[in-house]
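Participant: Chains as they are written, first to last, in numbering that gives the first Met the number 0: chain E, 0 to 447; chain R, 0 to 185; chain Z, 0 to 747; chain V, 0 to 296.
Just so you know, the hints here were simulated from the structure itself, not pulled from any lab data.
This one's a predicted model, so the numbers in the text were calculated from it and none came from an experiment.
Any given hint could turn out to be false.
[What the hints assert, rightly or not] Calculated Cβ distances over 12 Å to all of chain E for the following chain Z residues:
#1 581
#2 723
#3 724
#4 725
#5 726
#6 728
#7 729
[Claimed, not checked] Over the 10 Å line for every Cβ pair with chain Z, so calculated as not near, a few chain V residues:
#8 23
#9 45
#10 48
#11 58
#12 162
#13 217
[As the list claims (entries may be wrong)] Within a straight-line C-alpha distance of at most 25 Å, the following computed DSS-like cross-link-like pairs (lysine-lysine) qualify:
#14 154(R) to 118(R)
#15 528(Z) to 493(Z)
#16 422(Z) to 396(Z)
#17 108(Z) to 152(V)
#18 78(R) to 58(R)
#19 148(V) to 221(V)
#20 741(Z) to 287(V)
#21 33(Z) to 154(R)
#22 94(R) to 501(Z)
#23 719(Z) to 148(V)
#24 633(Z) to 247(Z)
#25 154(R) to 175(R)
#26 325(E) to 633(Z)
#27 148(V) to 119(Z)
#28 199(V) to 719(Z)
#29 31(R) to 58(R)
#30 287(V) to 240(E)
#31 221(V) to 199(V)
#32 518(Z) to 501(Z)
#33 2(R) to 119(Z)
We treat Cβ as the ideally placed atom computed from N, Cα and C, and that holds for glycine.
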Amino acid sequence: MAHQQQGTSNISYREVNDDVIKSMTETGRGFYLVLAVCIVGLALTFGLPWAYQIYVGQGVTGLQSPEYWGLYLTNFVFWIGISHSGTLLSAILFITQTPWRRSIYRSAEAMTFFSVVTAATMVFIHMGRPWNFYWPFPYPNQREMWTNFQSPLMFDVFAIGTYSTSSFLFLYFGSIPDLAAVRDRVTGWRKRFYGALALGWRGTDREWHLLQKAYTFCAVFIIPLAVSVHSIVSWDFASSKIPGLNKTIFAPYFVIGAIYSGTAGIITLMVILRRALKFEKYITKVHFDKLGMLLVVMSLLWTYVNVTEVFTGWYANTSYENEALKYRMFTTPSAYLFWLMIACNAFFPLLYIFRKIRLSIVASLLISIGINLGMWIERFLIIETSLPRKFLPFMWRDYHPSWVEWSITAGSFIFFTSLFVLFVKFWPSFSIYEIKEDIGIPMERKGR
Amino acid sequence: MKKFLVYVIVGVVTFTIGYNVNLIYFPDLSPKQPINFSHKIHAGDNSIPCQYCHIYADKSTVSGVPNVQRCIGCHKIIKQDAPEIQKLQGYWDRKETIPWVKVYNLPDFVYFSHKRHVKAGVPCQRCHGDVAKMDRITRQAVLFGIPYARVSPLKMGWCLDCHTNGAKEFIGMQVKNGRDCWTCHK
Amino acid sequence: MLNRRDFLKLVGVGGAGAAAGFALGELTKTPPAKLIPYLIPPEDVIPGIANWYASACMQCSAGCGILVRVMEGRAKKIEGNPLHPINKGGLCARGQAGLQLLYNPDRIKNPLKRNGKRGKGEFEEITWEEGLSILTNNLMELRSHGEADRLYLLTSLIRGHLNFLLADFMKAYGSPNYLQYDLFQYENLRFANKIIVGQYTIPHYDIANTNFLLSFGADFVTTWISPVNYNYGYGQMRQGEGRNVRGKLVQIEPRLSLTGANADEWVPVRPGTEGVLALGIAYIILEGGYYRGGDAKLWKDALKKYNPEAVASTTEVSEDRIKQLGKEFATTKPSLAIGGETVSSYENGVSNLVAINLLNHLSGNIGKTGGVIPNPDVIKKSFNPIATIAKDASRRKIKTLILHNANPVFTTPETLKLKDALKDIPFIASLSSLHDETTALADLILPSHTYFEDWGDDFAEPTVGYSVATIMQPAVSPLFNTKGAGDVFISLAKTLGGNLQKDITWEDFGVFLRDSWKKIYERHKGDIKEANFEDFWNDLLARGGWWDAVPKASKPVRVAASEVSAHLSSEPAKFEGNDKEYPFYLILYPHLSYKDGRGANLPWLQELPDPMTSVVWGTWIEMNSKAATGMGIKEGDMLLVESPFGKITAPVYFYPGQRPDTISIPLGQGHTSYGRYADGRGANPIELLPAKTDPKTGAIPLNSTRIKITRVNAPKSFVKMEGVAKELGRNIVQTITPEEFKKMGKEA
Amino acid sequence: MAGFIELMLERFKVYREPGYYKRFDYWWAMVIDLDRCTGCGACVTACQAENNTPVVGEEECGKGRNLSWIRIERYIEGEYPNVKVKFIPVLCPQCDRAPCEVACPVYATYHNQDGLNVQVYNRCVGTFTCATYCPYDVRRFNWFTYNKKNFLKGNGGSSTSFEPPLDQQLNPDVSVREMGVMEKCTFCIQRIRAAKDRAKDENRPIRDGEIQPACVQTCPTKALTFGDLNNPKSRIAQLAGLSTAGDLHYLRESGSKISDISSNPRTYRLLEDLNAAPTIFYLKRVMKNGSSTAGHE
């Protein structure tokens, strides 16, 4: 912990405020460039293809019988997965009072919220009749129609709804003192804006006390919630009868995968933020070190569940399982993807065992991107090697995503990035008050 | 400049809203017909039963628009010189049919059988309103000259109401499987 | 930020915008739907309630009865007529798709006159008066030059009263050249039956009641002769009610057809040797002493060279198998041997079919239930006339040719040079409803009704042992400006005058039909239960036809060994091309849904996956993957198929039910002028054939050449619906063995 | 609140408890005799004609997007010359415990009182979940607005799926499905409805054999039989070997293997192990060495 202390203690209070507020008020040409690229990219890769798809029909995708689920669902699961680590990690680290969490948790939580939003767009893009998007919500209507609460998709509606709400609240509660701090430093419309957001925060003892309570509640609440959300997402697949999907191990498998990919996502994001906002003094090698250790653990867990899945499938030795596994592991082109996934997720992360690698920013970036690529492939393979090998061999057919799907997939990343770019501009991206706490003045706090 | 932009945006948005509100909430509820046919005179004043002219109502899914021959059958004798009857005569002489405008329109995905409802004893007025008081067929209910509601909403919930509770009035029980989607959908 | 003035301005702008939008909405509202009443309501029509009209299916020559569901004047669905003895309520895919013929967007909508060069497909619309007067003038001129016999009339296989009307017309006009053509006319089969059964007609094969069906290349569940009837028979043979033995089916053919796929045993015989195999089986029957006739000795002499060893080496079927087949065929009663299109389509088709029919004679199946049941005689003597037409046309003997629903240009090989020959005919009129390849050459097109719009009738051949007449009535009013062929000829007769006017006096075809049926009524009064003709006619229309359900007793036929052996060829069928250069036998077969190509313009049929290959919307080449090894061919590759006479390109499908030395291609695709759904799709394998016809029957031998294949780089067009055709132990199509099944029957 | 929960529990208890289906008049089912089926495909076209199923063209067929509600699956075992070919018509078996029904978030597919698995087209939002969950791959999706799409583009022609005047053939009893909705075999529910209408006019129950879906009607070999399984005297109950009321009751309520109940050893249900309880009863084909050897089960 002493090492940790060193990391940030030589920063003054004012410096913290200045750094964060500068990032919000002073807008350089670079920001506008990035924003413009994001908006144009979003329109080209996301908006237009989607409009085209709505106008012409789902037929412009590569979906077909029996692969009725394709890249959109892959992206959905992927983004839900990414969303996992942010809030979950933040909440766990908060409860365990881990100090190094402080400089990263805000952006991690934002990442959670934005990736849930991205995932939700995927659901609507996936719909055959997206103009009826509100039908899956249970609302009173003259038709006396109700939604089907038996459906795993309905579980999803609630799980994701709850999750996005509570992760937003978690993010928001934690930000209130900072929003107030920003309010006090800015002028013009910003003052009104942050004034409204800060909910009249004045920093009284009572307010701090209440905030602490609410925040702790959220943190405690969000841990089981996060586990349940990805379990429920896994049930979309596991509650079907399809070989390769109907697996009891899917819920933990998905949760582990989600935390894994989310942690890797945080590392990637940290590297980028650190460079882009020049926050090297807040995000230090300590963070990479700790998260690297976490990734090793997650990688081993991931490998374990994968081995279990393949082994039990192979051991059961039914035609259904055999064909699905064979298709996934030994049939081109999915075999290339499969073994790439294994390399990215099971082998490269083990390099983190070496401290040198953990502390190397470049290696961290590469490995974390690799993990996310691998995790995307994992979701893709789960769906796209099971559905083409359903029960009746006469209907087997390979899936080839169309350009629309690829484009929207790329667009989903741009969508996420855009949200994040806006976040960095409009929201204090680091916890000002907690970093101040971390600086250690005026007194040593317990729980280190 | 900035203000002007605001006006443009507000204008465009409200324009779109106005346009769509009209299309969605203000359908033409009492369209003008090619001949000023009055149900009031026929069904009201002269109390001609509905099925005298809508001959298929108890035989088929559709009630049947009266064929021109049936109109002319009576009007060969009755009120030949009235201007509207002259129009009718004109259609008959030209061997043209009359392009009546549809007032009650169900979407393509709805199966509705006039026969079943007529045989169950549902009076026509239940859905079509008091036609005998209407000069021009309308779906707009009017009180003291002020339109206040629709004669019948023709919405799914409205159908279901009758299929569950309202039906007791006619057949003494709920409609059998009346809430099954494929009772009315196709 | 927002002062009162601005607020009011904003409200003003908003209000104005909303009002303008509302107003625009009011203006652009889609006009409400119209309710169009009848002027005078037609009788028996209640809107919203379907009417069913009995009629006859004209999609092939089987003669099934159909019911057409009509709502508000539009035909909606065809169903088999459950009362009809041929199809018994069933209907095949082609019959179901008939509606798309009626509503085909490519139908000829008006009479047309050729405008540009012949064959360029340039036509201008004319009125019926003009069209008829052009044809009348032409016929008048022909007659006035004393060349009445140089008028040729070529129709499809019409069997009803339209046939009689046309025959009368041609006779009165003075031309003997009334010809009927279809690629599958079964002339070889008729000829063979004349020899063994004693009738120049197709008998009724009582598949329903047989216990052992030995089928030589007869694909009777898809296209052969009367598929719906045979399908019904097949169902009855397998699992008929009240049947205690399940009938067995053995299929002998080089390519496993759909029938073969349903058979209990498949004998992949060498192409062209089916006749020899039949004689080998006949030898076994005689050797085993199963033949009951007195002339066994004569037969034995006639067949002595077909001993199992010799036959086995020719046919590549093992001796044991031949012996076992012969024994089973002779001992199972009743048994039935049928020879189908594959066998009939060799150059020695007749002799093959005679050999196969001989089996029925030798094991005493003729005239027995479950065997070959002779049908009432057909008066007409027929012959496949296509070679005649080609010859006469090229010798410039034909001055005027009238076509009706026949499309010989598509179904004859290039080598017959029919297309060129037709170009030499000075005047061609076509009474076709579709712009087919032959009609494209016409000078005058008088579009005819489809069978939903016209009167007519049909005498099914083969029937089911007794006469079956099916009536055809207009179920819908004509869709386009078309006329029935009968009406056209009647009005021609009126304007041509002379004998024609004397013989053909009816005002239209409907009246003619009714009058003709009155004659039938009078002739058969005893058998008809209706008291007067009016009732009979009404019942006829309601029931869909008339059939007198008493099978005629069959007369015993004398079959002399010496006579038969004259028709037997001891050699396997010959194939053009030497086997070094052209290593594969070519087997052409009618496609399940297009048959000879007539169904290719119906999108439903194009999209119906072929049951054996699941290919849609195209031609394919069936080939055993064993034969493809070493040639670097993958499934779906485009192959150039060359015979000594022509070449086509088509994708390859690997099919294990195919002899490695044989390649099969379905007919039906490769149209050049048959509407948007058929044009430019696939290839027409008839182009590979030599200019050969059977001298006795005129039939075109489809399986008479050898081919070679080479892989070519061409744009691929190969779409199959199947994924993987292996069950992988998933017990999808579960089976029980015949032994278990037999036990089941005993227990129950 | 407590009352509400009690009500919910009550409802769940009634649902598919013994006797649940006895309250209803009919239970439609089909028997397919594989020994009769030749795989000729007549049913496929008949279905297309009856149910306004669009033609999609070569390119879309290549993507497995043909919309036929019934298909003939063909399995080939063995190599030349010992080839065994088997056919099976596969259509929606209207599963009693249908995986698709639980999957739909908006109740666009549900089980109705006649034992039919029903798809309500204009409730569907197109999540594809039902089709993904369906073990029989019988659900079909409207990828395009087919009456606007030119499916002959690749071949230089021009035709929509209901090119006029082909659209005059469309069955008015069946709606033409919009883009973006799932569809599937309905056992020709419009015919069932018409028969019920007729029966009600004449004040009688529906007779056995009165309803024939298009595929059953057209089958040349009479391999398909349709009828009411609630009536143990019906033809299909006889064929399937479920000729006592007890059999049917047991089958419906317990969901056990058909081979344990049926008196006809030929009866089986496709992929019965999946426990979807399909109500199409196949009769095994009689065939020598017919069972597939590859793989294990």
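Participant: If a hint holds in the structure, say so; if it doesn't, say that too.
Facilitator: Structure-based check of each hint:
{"no.": "1", "hint": "581", "result": "35 Å, holds"}
{"no.": "2", "hint": "723", "result": "4 Å, violated"}
{"no.": "3", "hint": "724", "result": "7 Å, violated"}
{"no.": "4", "hint": "725", "result": "6 Å, violated"}
{"no.": "5", "hint": "726", "result": "7 Å, violated"}
{"no.": "6", "hint": "728", "result": "5 Å, violated"}
{"no.": "7", "hint": "729", "result": "5 Å, violated"}
{"no.": "8", "hint": "23", "result": "27 Å, holds"}
{"no.": "9", "hint": "45", "result": "5 Å, violated"}
{"no.": "10", "hint": "48", "result": "5 Å, violated"}
{"no.": "11", "hint": "58", "result": "8 Å, violated"}
{"no.": "12", "hint": "162", "result": "5 Å, violated"}
{"no.": "13", "hint": "217", "result": "5 Å, violated"}
{"no.": "14", "hint": "154(R) to 118(R)", "result": "22 Å, holds"}
{"no.": "15", "hint": "528(Z) to 493(Z)", "result": "37 Å, violated"}
{"no.": "16", "hint": "422(Z) to 396(Z)", "result": "13 Å, holds"}
{"no.": "17", "hint": "108(Z) to 152(V)", "result": "24 Å, holds"}
{"no.": "18", "hint": "78(R) to 58(R)", "result": "31 Å, violated"}
{"no.": "19", "hint": "148(V) to 221(V)", "result": "36 Å, violated"}
{"no.": "20", "hint": "741(Z) to 287(V)", "result": "12 Å, holds"}
{"no.": "21", "hint": "33(Z) to 154(R)", "result": "21 Å, holds"}
{"no.": "22", "hint": "94(R) to 501(Z)", "result": "39 Å, violated"}
{"no.": "23", "hint": "719(Z) to 148(V)", "result": "22 Å, holds"}
{"no.": "24", "hint": "633(Z) to 247(Z)", "result": "37 Å, violated"}
{"no.": "25", "hint": "154(R) to 175(R)", "result": "20 Å, holds"}
{"no.": "26", "hint": "325(E) to 633(Z)", "result": "22 Å, holds"}
{"no.": "27", "hint": "148(V) to 119(Z)", "result": "30 Å, violated"}
{"no.": "28", "hint": "199(V) to 719(Z)", "result": "46 Å, violated"}
{"no.": "29", "hint": "31(R) to 58(R)", "result": "29 Å, violated"}
{"no.": "30", "hint": "287(V) to 240(E)", "result": "32 Å, violated"}
{"no.": "31", "hint": "221(V) to 199(V)", "result": "28 Å, violated"}
{"no.": "32", "hint": "518(Z) to 501(Z)", "result": "19 Å, holds"}
{"no.": "33", "hint": "2(R) to 119(Z)", "result": "67 Å, violated"}
Of the numbered hints given earlier, the model fails hints 2, 3, 4, 5, 6, 7, 9, 10, 11, 12, 13, 15, 18, 19, 22, 24, 27, 28, 29, 30, 31, 33; all others are met.
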